[in-house]
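Undergrad: Read top to bottom, the protein sequences are chains A and B.
If you count the first sequence from 1, position 221 lands on 221 in our numbering, and the numbers rise without skipping.
If you count the second sequence from 1, position 5 lands on 5 in our numbering, and the numbers rise without skipping.
No lab work stands behind these hints, which were simulated from the structure alone.
Only a predicted model underlies this, so the values are computations on that prediction, with no experimental measurement involved.
Do not rely on the hints blindly, as some may be mistaken.
If you want the footprint, here are the derived chain B segments under chain A, 3+ residues with CB under 8 Å [as the list claims (entries may be wrong)]:
| id | region |
| --- | --- |
| 1 | 191 to 199 |
| 2 | 261 to 268 |
| 3 | 405 to 412 |
Each residue gets a CB set at the ideal place from its N, CA and C atoms; glycine is no exception.
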Amino acid sequence: MSVTSGTLERSAARPAAPAPPPGRRTRRAFTRRRALTIAAFLAPAAVFVAIFTYYPLLSGGVGAFRTWTVYNITNQPWVGFGNFETVLNDPLFYSTVGNTVLWVIGSLVPQFVIGFALALWLRPKFRFRGIYQALVFFPWAVSGFLIGILFRWMFNGEFGVVNDLLMKTGIIDTPLPWLADPALAMPAIILANVWYGVTFFAIMILAALQSVPDELYEAASLDGAGRVRAFWHVTVPYIRTTLALTVLLRTIWIFNFPDLIFGMTGGGPGGRTHIVTSYMIEITQQGDYGRASALGLIVFMVLAIFAVFYLLATRERKEALR
Amino acid sequence: MKRLTTSLAAMAAVGALTLTGCSSGGGGEGGDVQLQMVETLTNPARSAVLKELIAGFEEENPGITVELVSPPTEQALTTVQQMLQAGNGVDVLEVQDSTVGPFTANKWIYDMNADLEGWDGWDALTENAKKFANPDGPTHMMPYGFYGLSLFYRTDMIEEAGFDEPPHSWEDLVEIASAVNDPASNQYGYAFRGGTNGNSNAAAIITAYAADLIDPEDAFRLADGSGTVFSTDEAQQAMDDYLELFKNGSPPSSIAWGYPEMVQGFSSGSTAFLLQDPEVIATIRDDSTLTEDQWSTTPLLVGPSGKAAQPIATAGWGIAESSEHKEEAIKLIKYLASGDAPLTFAKGNSLVPILTSAADDPFFSEGPWATYVEMNEDPDTYLNVAQPRGVAWWTEWGEKADRELQQVLLGEMTTQDLLAEWDAYWSEKYASEE
Chain A
1 MSVTSGTLER
11 SAARPAAPAP
21 PPGRRTRRAF
31 TRRRALTIAA
41 FLAPAAVFVA
51 IFTYYPLLSG
61 GVGAFRTWTV
71 YNITNQPWVG
81 FGNFETVLND
91 PLFYSTVGNT
101 VLWVIGSLVP
111 QFVIGFALAL
121 WLRPKFRFRG
131 IYQALVFFPW
141 AVSGFLIGIL
151 FRWMFNGEFG
161 VVNDLLMKTG
171 IIDTPLPWLA
181 DPALAMPAII
191 LANVWYGVTF
201 FAIMILAALQ
211 SVPDELYEAA
221 SLDGAGRVRA
231 FWHVTVPYIR
241 TTLALTVLLR
251 TIWIFNFPDL
261 IFGMTGGGPG
271 GRTHIVTSYM
281 IEITQQGDYG
291 RASALGLIVF
301 MVLAIFAVFY
311 LLATRERKEA
321 LR
Chain B
1 MKRLTTSLAA
11 MAAVGALTLT
21 GCSSGGGGEG
31 GDVQLQMVET
41 LTNPARSAVL
51 KELIAGFEEE
61 NPGITVELVS
71 PPTEQALTTV
81 QQMLQAGNGV
91 DVLEVQDSTV
101 GPFTANKWIY
111 DMNADLEGWD
121 GWDALTENAK
131 KFANPDGPTH
141 MMPYGFYGLS
151 LFYRTDMIEE
161 AGFDEPPHSW
171 EDLVEIASAV
181 NDPASNQYGY
191 AFRGGTNGNS
201 NAAAIITAYA
211 ADLIDPEDAF
221 RLADGSGTVF
231 STDEAQQAMD
241 DYLELFKNGS
251 PPSSIAWGYP
261 EMVQGFSSGS
271 TAFLLQDPEV
281 IATIRDDSTL
291 TEDQWSTTPL
301 LVGPSGKAAQ
311 PIATAGWGIA
321 ESSEHKEEAI
331 KLIKYLASGD
341 APLTFAKGNS
351 LVPILTSAAD
361 DPFFSEGPWA
371 TYVEMNEDPD
381 TYLNVAQPRG
391 VAWWTEWGEK
401 ADRELQQVLL
411 GEMTTQDLLA
421 EWDAYWSEKY
431 ASEE
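Please model the entire structure based on the sequences and the hints provided.
TA: Set out below in structure tokens:
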């Protein structure tokens, strides 16, 4: 009964709504003074972004086609695709690509699942929720390099707290050389990254969850949906856009997050934890900026292609829903 | 329209403010000269010593003030490169043996040799200091001290294992470290360096084994010009012994050990041996549970030939080519390299000093420091050799060599393949240089 009357009210109200303002007048005003004002206000930001983001990006990109080293910085002859050739002929490049895939997927999936769970847990109002939230979000405020150094000591084979705890609880008998064993080093850095990144998902998903109107849950429960069904049929579809964007952002950020690896293993042992971007830093440290730029451009293109396909894929799904 | 004009005016004002904020006044006033001094191996204790020395200099030289710029260590090199490239803001700067090559290649460093002609400080310098300051010119840096390796060892642990003397040779070390090593009780022999800069210790054992063959001017070349040190049978023997030291006498996770883990391993009492620079002396004295009679130092280990090659590492002060106050900068450099200043700096930073008079100073002639005097006084056993640290590819080499050394420790590469790879690398680089 109430549903019917509501529908009636709404459809009755529609014709009574004020007519949209005549478009022509607004548009004419927009073309002159307002456009200029808007442009003037945008200009400082645009100039700032152009100078500090796009100019370095372009000049770095151009550097990829030059011999550009710290040892002779004033002389930068063109070498065409020479730097790209060197990168693509380097066997280490391919192993770092494999490591990068492991690093991204291994970090992203647990971060997403645990972050989602945390967000669901923090959504209902309860006592001291603010304190819990602050505690959960704390890791996000710490520098990645510092976290790397902290975890480096925690995972230390002889003096680390991880081995100590595992031995005291009887899970292992002899200390594990975490960062020295190629089979353990990657899981160790991923574990550290999961600890670090969970909070970002928790923050983003919690914000999205709080935007889901309670009426939807009420309606779902009236229709007989349990908590699980409400989750899959109300929560997930409602926040799907946020989820898709968050996953995209995190994929790119994890890809570009060598700080932690640098602090923790420096890419070792034997290059087993080098991802493409930490390897790029290593080349920069060697003073070969041209080769590092070439690698940077490759990373940029890979991520751009990934982002385009990802956005297309998630947009299609949204349209199919309608 | 009025609104637009107002907003444009506001923006112009903001822009003007930003611009004035960017340009800051520099230089001295009333004829005074202000020198900008940039350090790169910054640490708080060191900056304090430097400031103390600067205060002494300013007192002796009224009219000159020195502003010390101390960028954070990780970014220091990049910062100083940018300053040098920009061509202003630097008068005196820290030059390391590994940066002097690239800096001079870019013509950033002033040759101060002519300004030092007739300087009475030359005679007080040690042979090593003269070698880097180069009295015959060009003089791009004046060293402030030297880093050098000695072996730190635990007197009590080797005694328990049944030895009454510290190791003299690398072979002794393999034997004693293996005897001390007892992973079950978390006690290990040697604080092996498998992580960052692990290649430097590998080079130490290789050059010790091949001490009779190498060119003292460049420890990676053979004196007879027949190739690199990595191609010799001595190098093969060295790497095999080194691998044995890792397998039988070192903690398994030391594949990943860099400087902090090594020092922690020794000062916490886990390992009996540590090959390190003298700066560790202060660390062990300050923050370790070890008492003075539990540890000591002994000279760098010798190879089967009975000799060791001391890989001298150094840094010092230089003058930027772009400096407009070179005369005053020379005064500062002379001040830092003569009188009490070098000894104060060396003591405060645990460096082997640049003055011969240090041998008479009890600080350097007693206790753990005595080892360095002993090594300096026996140049036939402890040969002073230079590694090619100034070449453009030194960092590339270090990172490549570290990675490959880890592969050997992991059992993914043989010592033969490693040395063949290193030999090929250096042979190609030397050939490209000619």
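Undergrad: Each hint needs a verdict: does it hold in this structure or not?
TA: Against the structure, the hints:
| no. | hint | verdict |
| --- | --- | --- |
| 1 | 191 to 199 | holds (count 3) |
| 2 | 261 to 268 | holds (count 4) |
| 3 | 405 to 412 | holds (count 5) |
Checked against the numbered hints listed earlier, the structure breaks none of them; every hint is satisfied.
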